[in-house]
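Asks: Sequence:
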Amino acid sequence: MTLADRIIAFNQNLAFTGKLPRGIRILNPFQESTSVREISEGFYRKYYNDTRPRKLILGINPGRLGAGSTGIPFTDTKRLQEVCGLAGPEFHTHEPSSVFIYRMIEAFGGPEAFYSEYYINSVCPLGFIIHKEKTDRWVNYNYYDSPELFAAVRDFALEKLKEQIGWGMQTAQVYSLGKKNAKYLRELTKEANLFEKVVPLDHPRYIVQYKSRQMETYVDKYLQVLGK
1 MTLADRIIAF NQNLAFTGKL PRGIRILNPF QESTSVREIS EGFYRKYYND TRPRKLILGI
61 NPGRLGAGST GIPFTDTKRL QEVCGLAGPE FHTHEPSSVF IYRMIEAFGG PEAFYSEYYI
121 NSVCPLGFII HKEKTDRWVN YNYYDSPELF AAVRDFALEK LKEQIGWGMQ TAQVYSLGKK
181 NAKYLRELTK EANLFEKVVP LDHPRYIVQY KSRQMETYVD KYLQVLGK
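Here the sequence shown is numbered in the UniProt record's numbering, starting from 1 and rising by one per residue.
All the given hints hold, so there is nothing to weed out.
As a list, the in silico BS3-like pairs of lysine-lysine whose alpha-carbon atoms are at most 30 Å apart:
id	residue 1	residue 2
1	K221	K55
2	K55	K180
3	K221	K183
4	K160	K46
5	K190	K55
6	K132	K180
Read the hints as simulated data drawn from the structure, not as lab findings.
Make a model of the complete structure from these sequences and hints.
Replies: Next comes the structure, spelled out in structure tokens:
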């Protein structure tokens, strides 16, 4: 079984059956869209059709515009088509975090070089949305944004992290996108002895939103930490 086979099966079988706090819904693009399943399968067949172990980079949880639209963490439809050379859905999405991640991947040596060493997913592989009454809109929500939500998904997140580690992922260290994310990942790691070390990186969304003029400096920081 290749790593692509494992990732595709993992994504297609993702399901959360627990009870969520009031007003919060699950975001599961793999169950909600046939096109997402097809798009993500093409991506993983292209970059992970082998059995080599990878280093893990973990974001928070999927959002609507990145993994929610393509099934691939930090990959919006624009980067999917223009950088990865893969067909996307009929609609188009632009995710700020994806802009930074693919700038970093370009500096690393391109998608083939980067994905041959790294696998990106999230501490919680399914996302969440919450209803905002003032605007009557559903917006992204993080697993750690409320103690009640973290408690509800904690066992699920642990189970899925263990499953992915079981594919032969390197566990000497794991890279966390977001410092608050790193705090919770350390907590899970301590409980289940997942990784030897959690290495925090500033979240791409923070960099694009607040440090855009220093983006190249942050790209260099990422490359230094990731060993490139």
